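Peer 1: FYI, the numbering for the sequence shown is 1 to 432, going by the working numbering.
Since the hints were derived computationally from the structure, they do not count as laboratory data.
Here are the simulated lysine-lysine pairs, BS3-like style, with alpha carbons at most 27 Å apart:
{"hint": "1", "residue 1": "K302", "residue 2": "K89"}
{"hint": "2", "residue 1": "K355", "residue 2": "K372"}
{"hint": "3", "residue 1": "K309", "residue 2": "K45"}
{"hint": "4", "residue 1": "K308", "residue 2": "K293"}
{"hint": "5", "residue 1": "K141", "residue 2": "K267"}
{"hint": "6", "residue 1": "K190", "residue 2": "K221"}
{"hint": "7", "residue 1": "K308", "residue 2": "K89"}
As the structure is a computational prediction, the values presented were derived from the model and not from experiment.
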Amino acid sequence: MRTNIMHEGATELTYEIREIVEVARKVESYGMDITWENIGDPIIKGERIPQWIKEIISETIMDDESYIYCPTKGLLETREFLAEENNKKNGAQITSEDIIFFNGLGDAITKIYGLLRKESRIIGPSPAYPTHSSAEGLHAKCHPLMYLTDENNNWYPDLDDLRNKVKYNPAVSGILIINPGNPTSAVYPKKILDEIVDIANEYDLFILCDEIYHHLVYNGKKHTYLSEVIDDVCGISLKGISKEFPWPGARCGWIEIYNVDKDEVFKKYIEGICKFKMIEVCSTTLPQKVIPKVMGDQRFYKYLDERKKHYEWASNIAYKKLKPIEGLIVNKTYGAFYMGVAFDSNKLNGNQRLKIENKDLKKYIDVVSNGKPEDMKFIYYLLASSGICMVPMSSFNSPLYGFRSTLLEKDRDKLKWTYETLAEKIQEYLGS
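Please model the complete structure; the sequences and the hints are all you need to start from.
Peer 2: Here it is as structure tokens:
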């Protein structure tokens, strides 16, 4: 090319959740059955949408109004419904004008980071969902700025680390919270959220809070919403239907904006996001029309309770199988549907392997794992020796080595097999 057309931040774009599929497909071509534990898609793992939700969607499709362009911010009646749901919590109050719809939260995240002034940074947790860290890296044209979470304490944020990084990095303009966590499935207590809000207030920052899993909390925990603790700090909450209907293929998410009138700069920033969305005209109309009908149905929360019971059961099976293994750091799961596990770094030596029966497959894995991070090597050898496909913790912008699996498998015998096999392979790997 006559000029270099590549964006300076493009090298920061990573999404191992999907990239691992290429290796898994190659392993599959050698005759290995793959157990897909790499992506949080409940439908792929056997969950079925209730008939009553399908009927609502079917009836809505028959309405010609579901085929139109909707307003740029989204359907008014749906935004009014969601604003009312938020306001029931008696925290920060919003109106329909404080809600903007996007084609999935990936779309929202791209615009939130993309509309920041180039010198401004959003500091996020480590480990973190890679869509956030990649968007920050692309925007900043450098490695994302992260604060640590404590793998020995339920993956809670290291607030001293956060405060110091905010204090000594004047470019930080916002703090990202992912609650419930992905990949950690941590659920933060109110006290921690209050302290993060205090830091934001002290340094005049806004808070970006990804709450996509807010309805999926279990094992005795309760979700505290950003709107309940935000006070007068400017903030954005991200929500959607991908995980809770679940309807990931709908690509339907929204942001709720708190205290937009408290700061003129923040207000102009939000106006910019809205104008950016206006260029696309609007987000998909059909799923927006469905939201009040499904979420307003008395069967919805009973349905969520049934799903949470399964995740609680699955999380406790996974915890029981993995916790006793020497060399692993395992926390109980309280939200979302993942199990984020770290290796004790002292137990990894760089030379560990798993036995692979197929000689040609072994050669392939030896080649593709060469030079990779320690946890990526484990993931590749696990894949080739058992067919279990997971994601390495290092791909979530973490200095830790480990892995993320899911709790989605609906076949209980298959889920037990997965974690029993995983436990056996970990012990074999660490002992090799």
